[in-house]
Amino acid sequence: MQGPRRLSLLFFLFICAASYSASAQTCGLSPAPVDLQGVRPLEINTGIGPGTCGFLQFAWQDFLALNWLPLPVVPGNSTAIARGLPDVSQVIGKAKNNAPAVWEQFQPNWYQFWPNNPPPGAVGGDSFAAWNQNAWLPAACGPLQSKLNPDAPPPRILSSLSKFDAMPGVLQAGSAAPLIDQDGYYVRYEILMDYPAFNYINSNQFYLLSKEQAYAQQGQPFSFPVQNGGTPGATFIKAAWKTLNPGEINSGRFHLAQAFLFTPASPQVGATCAGPVTVGLVGLHIVQKTQAFPLWLWATFEQVDSTPADPANPGSAPPEGWSFWQQGSSKPANSPPPCPDGTTDSSQCDFQPTSSHMGTAPNDKTGGPTQAVRKNPILKSPNQPALGLINAAAQSALKQINPSTEWQYYELVEAQWQKAPGFFPPNKVANMTMETYTQGGSCMGCHKGATAPLGETPPPVSSDLTFELQLAWQQTVLPVSRVPALRSNSAPNKPSAKQPGKKEAAK
Amino acid sequence: MIQINVSIAAALNPDPIKIKSGDTVVWTNNTTSVQTASSNDAGQTFTTGPIQPGANSLPITVPSTTGYFVQPAGLQGTVNVNT
Numbered sequence: 001m002q003g004p005r006r007l008s009l010l011f012f013l014f015i016c017a018a019s020y021s022a023s024a025q026t027c028g029l030s031p032a033p034v035d036l037q038g039v040r041p042l043e044i045n046t047g048i049g050p051g052t053c054g055f056l057q058f059a060w061q062d063f064l065a066l067n068w069l070p071l072p073v074v075p076g077n078s079t080a081i082a083r084g085l086p087d088v089s090q091v092i093g094k095a096k097n098n099a100p101a102v103w104e105q106f107q108p109n110w111y112q113f114w115p116n117n118p119p120p121g122a123v124g125g126d127s128f129a130a131w132n133q134n135a136w137l138p139a140a141c142g143p144l145q146s147k148l149n150p151d152a153p154p155p156r157i158l159s160s161l162s163k164f165d166a167m168p169g170v171l172q173a174g175s176a177a178p179l180i181d182q183d184g185y186y187v188r189y190e191i192l193m194d195y196p197a198f199n200y201i202n203s204n205q206f207y208l209l210s211k212e213q214a215y216a217q218q219g220q221p222f223s224f225p226v227q228n229g230g231t232p233g234a235t236f237i238k239a240a241w242k243t244l245n246p247g248e249i250n251s252g253r254f255h256l257a258q259a260f261l262f263t264p265a266s267p268q269v270g271a272t273c274a275g276p277v278t279v280g281l282v283g284l285h286i287v288q289k290t291q292a293f294p295l296w297l298w299a300t301f302e303q304v305d306s307t308p309a310d311p312a313n314p315g316s317a318p319p320e321g322w323s324f325w326q327q328g329s330s331k332p333a334n335s336p337p338p339c340p341d342g343t344t345d346s347s348q349c350d351f352q353p354t355s356s357h358m359g360t361a362p363n364d365k366t367g368g369p370t371q372a373v374r375k376n377p378i379l380k381s382p383n384q385p386a387l388g389l390i391n392a393a394a395q396s397a398l399k400q401i402n403p404s405t406e407w408q409y410y411e412l413v414e415a416q417w418q419k420a421p422g423f424f425p426p427n428k429v430a431n432m433t434m435e436t437y438t439q440g441g442s443c444m445g446c447h448k449g450a451t452a453p454l455g456e457t458p459p460p461v462s463s464d465l466t467f468e469l470q471l472a473w474q475q476t477v478l479p480v481s482r483v484p485a486l487r488s489n490s491a492p493n494k495p496s497a498k499q500p501g502k503k504e505a506a507k
Numbered sequence: 001m002i003q004i005n006v007s008i009a010a011a012l013n014p015d016p017i018k019i020k021s022g023d024t025v026v027w028t029n030n031t032t033s034v035q036t037a038s039s040n041d042a043g044q045t046f047t048t049g050p051i052q053p054g055a056n057s058l059p060i061t062v063p064s065t066t067g068y069f070v071q072p073a074g075l076q077g078t079v080n081v082n083t
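Residue numbers (this note's numbering), protein chains in the order written: chain A, 1 to 507; chain B, 1 to 83.
Calculated from the structure, these hints are not laboratory results.
Note that the coordinates shown come from a computational prediction; the quantities given were computed from them, not determined experimentally.
The beta carbon of each residue, even a glycine, is placed where N, CA and C say it ideally should be.
There's no promise every hint is true.
Unchecked claim - A short list of chain B residues far from chain A (calculated; beta carbon distances all over 10 Å):
1. M1
2. A10
3. A11
4. P14
5. K18
6. A55
7. P59
8. Q76
9. T78
10. N80
As the list claims (entries may be wrong) - Chain B side only, calculated, beta carbon under 7 Å to chain A, not exhaustive:
11. I2
12. N5
13. S7
14. N40
15. G49
16. I51
17. T65
18. G67
19. Q71
20. G74
21. L75
Said to hold, decoys possible - Once the Cα atoms are required to be at most 25 Å apart in a straight line, the calculated SDA-like pairs of lysine to any residue come out as:
22. A:K211 - A:G230
23. A:K365 - B:A9
24. B:K20 - A:S404
25. A:K96 - B:P16
26. A:K96 - B:G22
27. A:K380 - A:Q439
28. B:K20 - A:P246
29. A:K365 - B:S7
30. A:K96 - B:F69
31. B:K18 - A:D183
32. A:K365 - B:G54
33. A:K96 - B:G54
34. B:K18 - B:T83
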């Protein structure tokens, strides 16, 4: 038996043993519908106890598979999926913490919804060419990528200051305030999708408002695909990244990436792209559709150093301190920071995104780092005790794989799914890094109101609980300049592939 | 892995900056104007983006040895990366 296969089997046996050796109050990762070799789960096993365990098990299995080491991307492949596939010869947790993950190869929403520059069209109902090619970069970021170490993992292009600000160049009115970490830097976000979700939008050209309107006028509901054969159902990923200081980088507790931080033009300043910067993954939403649960399973993970699980009992601080909380701080909890100039209209805000915001500089009225307090303590979740049990089981299993793996420092904060028509407990679900200021709501409570942007004629129709279709653009909007990506978003130590040429957007 | 702090004022301090591969550099803007530090290759190796007066830049991971300039202060410096 080859080494990686043997390790994978040992991993599997370990979690099986962990699961079966405990009492009826066990919620582990077994019996598993997948062999834990990077294969994503397809359907929720609702028969696994106690209580909600099957749903939480699905969430952790997805987390493990999505964070598996990926195969290299083949950008020129137009006949099959060649991006976002796991390397099943590897085992999660064995690689360095700056190795890329499967989901990091997924395509970002801004690639698909780039005004006037859609990806290549579908052929025979599939979008392989569009999916496999490297996403275009904002023009401001183009120059910075040419001198990166070709042996290093590829960079992320992080744009949004809030998960509600989904797309470069679209700073939406009423978007949520940013989150400021204890070093004074804004958290950055990105939204990506897997192939089934991508292909649903691309093959139907739903990046165009006219196509969405025509579809809705036929009376058809928007419906992203569920699993098909061995292909998982449509999946959206939302990730939160924190700029790390050297102590955090050295701690081994964060999944790392190199990133360029792109900021769309504001009324005050032009677009900027700063970097490279070392960032750490601090939050991860995984939203996946299944046949049995077509209103999606909503799972959210955090890095454990974000803020105490229960602010009333914070326990010991992590080695490098809490990322978004300070013991004994007198600052108001979960207070959205104003713009640096003291104004509060985020649509007009110059966020000054490439400067620190400690609240001490002469012109910094942000108030400094956010005091992020968890309103929904994890231990008081309605999904307990299964939630705590499966977190402990998964973290223990990962630690057995590699005592220094960063993945042991991530936890499932909460999950949500439809339990009955219109009934979505728990009704308070929040990721501290993404919904700091809106912890009284939940994923489904918010997304159930998502509609396609059709205006009054025809009236808005449900967009299958995703807001992404609202990024559809009018064909008359001004083009946004962009440049080819020079490097493949693939595994490290692989030859990079130059992006085949495509005309830059017409000026 | 360490972080080097560089002051932007009437001069750059320290200059040159001596770091190892993977170390980060943070520039502190001690002037009264917004400043930007960028590598001499038109920012291809790194750029901090605008740094507000009294604030720190993002912690930049400079990948290779390069000269750089700070505008509009008109200062020039060097980052030596010892691999």
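Comparing the hints with the structure gives:
no.	hint	in the structure
1	M1	5 Å, violated
2	A10	18 Å, holds
3	A11	21 Å, holds
4	P14	17 Å, holds
5	K18	16 Å, holds
6	A55	4 Å, violated
7	P59	6 Å, violated
8	Q76	19 Å, holds
9	T78	16 Å, holds
10	N80	16 Å, holds
11	I2	5 Å, holds
12	N5	11 Å, violated
13	S7	14 Å, violated
14	N40	12 Å, violated
15	G49	3 Å, holds
16	I51	5 Å, holds
17	T65	11 Å, violated
18	G67	13 Å, violated
19	Q71	14 Å, violated
20	G74	20 Å, violated
21	L75	18 Å, violated
22	A:K211 - A:G230	29 Å, violated
23	A:K365 - B:A9	23 Å, holds
24	B:K20 - A:S404	24 Å, holds
25	A:K96 - B:P16	31 Å, violated
26	A:K96 - B:G22	14 Å, holds
27	A:K380 - A:Q439	14 Å, holds
28	B:K20 - A:P246	13 Å, holds
29	A:K365 - B:S7	22 Å, holds
30	A:K96 - B:F69	34 Å, violated
31	B:K18 - A:D183	23 Å, holds
32	A:K365 - B:G54	12 Å, holds
33	A:K96 - B:G54	36 Å, violated
34	B:K18 - B:T83	11 Å, holds
Violated hints, listed in ascending order, are 1, 6, 7, 12, 13, 14, 17, 18, 19, 20, 21, 22, 25, 30 and 33; each of the other numbered hints is respected by the structure.
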